[in-house]
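Under the working numbering, the first residue of the sequence shown carries the number 21, and numbering increases by one thereafter.
Hints are computed from structural coordinates only; laboratory data are not their basis. Among these hints, one or two may not hold up.
Here are the simulated EDC-like cross-link-like pairs (lysine to aspartate or glutamate), alpha carbons at most 16 angstroms apart as the crow flies [what the hints assert, rightly or not]:
{"#": "1", "residue 1": "K89", "residue 2": "E126"}
{"#": "2", "residue 1": "K89", "residue 2": "D113"}
{"#": "3", "residue 1": "K207", "residue 2": "D235"}
This one's a predicted model, so the numbers in the text were calculated from it and none came from an experiment.
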Amino acid sequence: MDRRTFLSTAIVGSGTLSGCLSTIPSLDSDTSLPDVPTGAWTQYGADGTNSFASNVSVPSEGNLAWTSKAFTRWQPVVSNGTVYTTNFDPSNDGSAIALDAQDGTEQWRTTLNASGDNGTVVVDDRCLVAYDTELVALDPQTGERIWTEPTNGLDNWELLVADEATGTVLVASESGIEAFRATDGEKHWETDTVRQLVRAPAVYAGSVFAVGNVDGAPVLVAFSLDDGSELWRSELTSTPESAAPVATQEGVVVSEDRTLVVYDRETGDRRRELHSFGEGASGIPQTVAVADGTVFATSASGAVAVDSETGTERWRRDAPVYDPGICVGTETVIVPINDPEFAPGKKTISAFDCESGEMRWYYAFNRSPNVMTPPVLVDGAVFFTASTMDGLGALGDVPTRDS
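Put together the whole structure using the sequences plus the hints.
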């Protein structure tokens, strides 16, 4: 499939609706972003806390700037103006790839000869890729291998987490959690206390918070980041759901029985319920993000923003969020949303005001793709992959493409 025959944009300002749907004609129409994207999104949940938030400005418009020549359908990570991704697929060479974040040109490619689930993080001047039963550290400037260590495996690409403060990398699997030092690959500790982790563990102030099963019961468990010793465990009321836990100063936010619940970081005590979703599969939270006193959550039935202390609903969008994923900037939140009132019958990547929920802009697809991985936000750009393209797309403040 030619990945450049698929997309279109419709751009909406805060006051008026405008724009048109267009087919991308060729690679020649690729446009560099106006500036080198700054800020970082170094792992699945943006950072070790799984906040899905970055202290950066969302681009003022969301037009397609460029799509990469390099194949990928895996979530990228971004640091220092470089996008790191992989092309793990049976039809490709299982490489780690670095792209220039401004124009998408390839900087380096390191063949790892692997396929299947993999995850990427950037920490301590290392680009780390976990796949099969290996964790490899690459030089972020050249792609040269620095070290390789064996692991118990990686069950899915979300289960790789890095703590920037200590340079610790956590690899989670069905059999537990392993902790490695990013600089040299030394294994700090391993625990098999909690199994069947739902999503990525969260790290905050020297503690690791993981949602999974202990002796068949659903639990939230806290471990010491230093040595892996268990600090506390709290049994949950139901089997863990899809959203990863988010660790904040106020507590650990967990999706439990279709309800957002806050647990005390120090004791594991259940503190308060914030918001309950509807019955059925459409009410299961897909992604939870926290920023500046607001909890943002998506489910198949829509997106909602609630006060992190009181649970008071600030705004909601009752249009299907067709794929997991949310990213929050300083004033704007990005959500993949389907069939909204401003783009009937279209799948979009849409930007909403964090405070009011007012739509700022949207990028509409003229076919019906799935966004393969959660969108990634840095200052001035949103990066994404979609099933109708073979590479990485970059949205930013560039002119709308003509038909």
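key: Violated constraints from the hint list, given by number and in increasing order   = 3
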